[in-house]
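Number of protein chains: 2
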Amino acid sequence: MTDHNEENASAASILLIDDHPLLRKGVKQLIELDSELRVVAEASNAHEGLAAALEFEPDLILLDLNMPEINGIETLKMLRDAGVTSRVVVFTVSDNEEDVVAALKAGADGYLLKDMEPEELLSSLNQAALGKMVISDRLTTLLAEALQNKRTKKGPDISSLTPREKQIIKLISAGLPNKLIARKLSITEGTVKVHVKHLLKKLHLRSRVEVAVWAVQEGLDK
Amino acid sequence: MTDHNEENASAASILLIDDHPLLRKGVKQLIELDSELRVVAEASNAHEGLAAALEFEPDLILLDLNMPEINGIETLKMLRDAGVTSRVVVFTVSDNEEDVVAALKAGADGYLLKDMEPEELLSSLNQAALGKMVISDRLTTLLAEALQNKRTKKGPDISSLTPREKQIIKLISAGLPNKLIARKLSITEGTVKVHVKHLLKKLHLRSRVEVAVWAVQEGLDK
DNA sequence: TTAGAGGTACCTCTAAAGAGGTATGTGGTT
DNA sequence: AACCACATACCTCTTTAGAGGTACCTCTAA
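Chains as they are written, first to last, in our numbering: chain A, 1 to 222; chain B, 1 to 222.
Just to be clear, a hint being listed does not mean it is correct.
No distinction is drawn between identical chains; accordingly, a pair holds when it is met within one copy or between any pair of copies.
[To be verified] Taking lysine to any residue pairs in the SDA-like style, the calculated list, with each CA pair at most 25 Å apart, reads:
| # | residue 1 | residue 2 |
| --- | --- | --- |
| 1 | LYS170 | GLY107 |
| 2 | LYS166 | PRO177 |
| 3 | LYS77 | VAL196 |
| 4 | LYS179 | SER123 |
| 5 | LYS184 | MET133 |
| 6 | LYS166 | ARG24 |
| 7 | LYS184 | VAL84 |
| 8 | LYS179 | LYS197 |
| 9 | LYS77 | LEU23 |
| 10 | LYS202 | LEU185 |
| 11 | LYS179 | LEU37 |
| 12 | LYS179 | VAL40 |
| 13 | LYS77 | ASP19 |
| 14 | LYS114 | GLY26 |
| 15 | LYS197 | ARG164 |
| 16 | LYS28 | SER13 |
| 17 | LYS105 | LEU180 |
| 18 | LYS132 | ALA102 |
| 19 | LYS77 | SER35 |
| 20 | LYS179 | GLN127 |
| 21 | LYS179 | LEU130 |
| 22 | LYS105 | SER35 |
| 23 | LYS197 | ALA174 |
| 24 | LYS166 | GLU189 |
| 25 | LYS114 | MET133 |
In short, the hints are calculated from the structure, not lab data.
Sequences are here, hints too, so could you generate the full structure?
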């Protein structure tokens, strides 16, 4: 039997999107010091980034915010709208509150500042590749204030859901598989899948498990 | 009565509200090592706290969350309703998201965890007295998730589950697919499947979606 | 020492989930 | 009349989940 831990932990694939070639080079070199991480593609603008994301389906996308033409937030939205489910970590110099909040609401899985220590960056990227949300510590206060001032609202927006979709969310949260949902609603399983597909996209979620967890936590499950 | 120790007339005045006398004593001793800070009053419950706040008008109120009768959040609301404008910093053991969010929404100016280092506490209190919002770094991720509206709770656990199985339940509840769980734990996807299989059987559940819902409702995710 | 529990790995096989796409009918709007 | 959102159905294709089983290693309790 093959010894454990040689095949199973294949390195996480990363796409860099940043308009500065030098910075990309630096980050790439840094990342390649870590055997758990691998840069599989680079892009210097939104369009290239989107194309690369679709082609390589990287585990992780490191996205610069400050780019000419189409900025990082817009790029992020484009990615999500195009169905890219990779983890996206914003990597920028901006500690501007609007940027941070906008990025998180647009579905960013992390927000790291470019002035962080290299080792910290590597460890953050590893965390991110494993699904953890990573945020530079320096942003703590800012986030707390944003929460206080602005928010009681939803990132995933329930109001964009059709009645049918809400109904299906409840049934997913009840743990029902598509087949049973179909029976319960007297429609075909295929149709249920269509609704699930649509609502995953609207909510920027990646699986029915995430839907169920979200719904339960929001109290939408009954 | 502003008990004036003439030399620190400029020191920030502090009111402690905590139902544990010993903890108050400890904190008070610590604070008095710092000439910029001065404890002017103590209270062991909400009513005493409110009275003291009105009487002394402290610059800063250190408020425990976990108190009998009237908890910290309620106390905070009472203070604000009564027109107390002192900075209020919550000081507690709870890193529960609901508590943090509730405290901030109720107008807390800070949220510090009791397990922090004494020197850190002093510097945080100084910052707070100067009008800065202070939040324990440990809460960063949590706040970011709250902004995105992905709640996570925490709590006890039940049952015949092995530690490994509980660990995997948490990851399932975070919405991670088996492949990512495997990477995170540095084991193979196959092994993850084995654990999932076992825990499904033990819990008499039929799918990971049911596991996730159950875990969230029981509060044993995160 | 043996037995059992827990963790890991590997195998096969089936079912379920999810991403694409096209298409039809209905009820409202413009 | 043309358009649009919604729900429905059906299609293909790939990936993920889950059930079954065997096996090996370590640690602890009988």
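Which of the stated hints cannot be reconciled with the structure, identified by number in ascending sequence? Violated hints: 6, 19 and 22; rest satisfied.
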